[in-house]
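Throw the hints in and build the complete structure from the sequences for me.
2 protein chains.
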Amino acid sequence: MQVVRELDVVKEIIRDLKNKGMTVGFVPTMGFLHEGHLSLVRTAKSENDFVVISIFVNPLQFGVGEDFERYPRDLERDRELADSAGCDLIFVPAAKDMYPPGYATFVDVDRLTEGLCGASRPGHFRGVTTVVAKLFNLVSPHKAYFGQKDAQQALVLKKMVQDLNMDLDLFILPTVREADGLAMSSRNKYLNSGEREEAPVLYKSLLLARELVARGERDPLIIGKNMEDLICSARGAVVDYLEIVDTEELKPLKSIKGRCLVAVAVKFGTTRLIDNIFVEV
Amino acid sequence: MQVVRELDVVKEIIRDLKNKGMTVGFVPTMGFLHEGHLSLVRTAKSENDFVVISIFVNPLQFGVGEDFERYPRDLERDRELADSAGCDLIFVPAAKDMYPPGYATFVDVDRLTEGLCGASRPGHFRGVTTVVAKLFNLVSPHKAYFGQKDAQQALVLKKMVQDLNMDLDLFILPTVREADGLAMSSRNKYLNSGEREEAPVLYKSLLLARELVARGERDPLIIGKNMEDLICSARGAVVDYLEIVDTEELKPLKSIKGRCLVAVAVKFGTTRLIDNIFVEV
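Going line by line, the protein sequences match chains A and B. Residues 1414 to 1694 in our numbering are what the first sequence spells out, letter by letter. Residues 1414 to 1694 in our numbering are what the second sequence spells out, letter by letter.
One thing to keep in mind: the hints can contain errors.
Mimicking SDA-like on lysine to any residue, the simulated pairs with C-alpha atoms at most 25 Å apart in a straight line are [as the list claims (entries may be wrong)]: (1) B:Lys1433 x A:Asn1550; (2) A:Lys1509 x A:Gly1528; (3) A:Lys1664 x A:Ile1635; (4) B:Lys1664 x B:Glu1610; (5) B:Lys1431 x A:Arg1628; (6) A:Lys1509 x B:Leu1568; (7) A:Lys1556 x B:Leu1420; (8) A:Lys1431 x B:Leu1430; (9) A:Lys1509 x A:Gly1536; (10) A:Lys1433 x B:Lys1433; (11) A:Lys1431 x B:Leu1581; (12) A:Lys1431 x B:Arg1631; (13) B:Lys1556 x A:Leu1430; (14) A:Lys1556 x B:Val1422; (15) B:Lys1433 x A:Leu1581; (16) B:Lys1433 x A:Leu1430.
If the Cβ cut is set under 7 Å, some of the chain A residues that face chain B in the computed set are [to be verified]: (17) Phe1519; (18) Val1520; (19) Asp1521; (20) Val1522; (21) Asp1523; (22) Arg1524; (23) Gly1528; (24) Lys1547; (25) Asn1550; (26) Leu1551; (27) Lys1572; (28) Leu1577; (29) Asn1578; (30) Ser1599; (31) Tyr1603; (32) Leu1643.
Derived, one-sided and incomplete: chain B residues facing chain A with beta-carbon distance under 10 Å [what the hints assert, rightly or not]: (33) Lys1424; (34) Arg1428; (35) Gly1434; (36) Tyr1512; (37) Pro1513; (38) Tyr1516; (39) Ala1517; (40) Val1520.
Keep in mind the hints are simulated off the structure, nothing from the lab. Glycine included, each C-beta is placed from N, C-alpha and C at the ideal position.
Rendered as structure tokens:
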């Protein structure tokens, strides 16, 4: 497995591979890999000849006062994990190469980015779509893989690929969870032991929503109130958002119908966690 | 020479060509081809195995009250001209396929797009960069060709390609002119015979600027005043803008130094013409 930092080098390696008729799978990440990432890599490896992981803590997608500086970084650990999962190349670009002085070009997806995390984190999705557009152009994969944990990101990127006619297939794979239901996230590392104990309440609240729907409840307000009560029963938990939305436009629903996305963001101290599930009636 | 309207078909044709090791040159246009376009096609043909022209009057780059509706269209004429210049494929997408209902993704280049035509035509360059990003993804050319007549567009697109790490080379070829100096443009067709007679004043004003610089004048204000006087001496000519800017950032210069771009936009009735030249000291 190679580790490549230079943009031109990664382009050339991929060009050579593609000239030989090989297929390329791509897993963009911010590093500090966990089983969620590794499940993407293993799927990518099973579907492509060559798998690239990018590791780039993208400054553009962090807002002022967010955790860009303290976001966990450990390339040595990531390298071993990526290798063990079948990754062929880790691409680790430098911020100064991704955004050289005078950088001026941005990709925006309207509407889909307005609610949920887009409302809580202004500018976040512009950062995500811009960096992913760049990474797609650099790696030019046949297939790219993202996790369902970042449900809105997944939909926004699918929309970008479709709207800009990008020549690749984008796959969204299921959220991988800890034994107690907590969605895997590099940010789980921020939690102290007390917070870690309470953190599964996100998933519990989502399961509660599913159960209420299964029992016949169709009112998002009632479901939301029950979820909120449950989340607030966890020590230190503060709801950032809690929404039941349609799966196309991510617009809040007036009643549960068809396939819906239940999405939550909860803060424990300065740590913000997100999670989501689908419910269907 | 083929004429292709379907997005998927053009993608597949290009993929097959590239799999055979052929190189692809691309000339994006809004049609109503003239010698300026054809010179791009001939250069593309001399540098690539296969040349694609796109013809798409892009609604996104026209403002309210601009000439989208009346922009000249004549595919039969374009087809013959393109064929004669060595074009291998004309790609004529439909607006409903380029911007299907729910379309939401846009590419923006900051700063470079603020002055000159960007100031006169708000939203214009967002339309240009978005459609060209889409066309580049659909055609995935090795090389793309644009005319120097649209100087700001050329710089903005170069910036986009560089910033987004697009895998192609972009070439800017010299403006092609009528015998009397008028820059070739599909919009010249709008001019009535009186306006057509006066229209070379754009180029004359640019040559005047060059002459003044050659004679030692270094003050953009004095040069601009002389140009303006000349332009206003033409019947019906109204200056939209008239600027002397640097060639990197397109910022107005305080004094003529190094390589500068002299750019003008002039209206004759409802017809807006642009032109530019470089001057160097």
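Exercise. Do the alpha carbons of Lys1433 of chain B and Leu1581 of chain A lie within 25 Å of each other, as the hint requires?
Worked result: Roughly 20 Å between the alpha carbons, so the hint for Lys1433 of chain B and Leu1581 of chain A holds.
For this session: Take the C-alpha atoms of Lys1433 of chain B and Leu1430 of chain A, compute the straight-line distance between them, and say whether it is at most 25 Å.
Result: Judged against 25 Å, a Cα distance of about 15 Å means the pair holds.
Exercise. With a cut-off of 10 Å, does the beta carbon of Pro1513 of chain B approach a beta carbon of chain A closely enough for the hint to hold?
Worked result: Status holds, d = 9 Å.
For this session: Could you check if Leu1577 of chain A really has its C-beta closer than 7 Å to a C-beta on chain B?
Result: Leu1577 of chain A check passes; min Cβ-Cβ to chain B is 6 Å, inside 7 Å.
Problem set entry | Tyr1516 of chain B as chain A interface residue, shortest Cβ-Cβ below 10 Å | Holds - the Cβ of Tyr1516 of chain B comes within 10 Å of chain A, reaching about 6 Å at its closest.
Exercise. Are the Cα atoms of Lys1509 of chain A and Leu1568 of chain B separated by 25 Å or less?
Worked result: Given that 25 Å is the threshold and the Cα spacing comes to 22 Å, the pair holds.
For this session: Would you check whether Asn1578 of chain A satisfies its interface hint, that is, whether its CB is within less than 7 Å of any CB in chain B?
Result: With Cβ-Cβ at 4 Å, under 7 Å, it holds.
Exercise. Does the structure keep Lys1556 of chain A and Leu1420 of chain B at a Cα separation of 25 Å or less?
Worked result: Holds: Lys1556 of chain A and Leu1420 of chain B sit about 19 Å apart, inside 25 Å.
For this session: Against chain B, run the beta carbon of Lys1572 of chain A and see if the smallest gap drops under 7 Å.
Result: At about 6 Å, which falls below the 7 Å cut-off, the nearest Cβ of chain B leaves the hint on Lys1572 of chain A intact, so it holds.
For this session: Double-check Arg1428 of chain B for me: the hint is only fine if its C-beta lies closer than 10 Å to a C-beta in chain A.
Result: Nearest chain A Cβ about 8 Å off; hint holds.
Exercise. Within a Cα-Cα threshold of 25 Å, do Lys1433 of chain B and Asn1550 of chain A meet the stated pairing?
Worked result: holds (22 Å)
Exercise. Is the hint on Gly1528 of chain A kept, meaning its closest Cβ partner in chain B is under 7 Å away?
Worked result: violated (13 Å)
The structure fails hints 2, 4, 5, 12, 23, 30, 31 and 32 (numbered hints given earlier, in ascending order).
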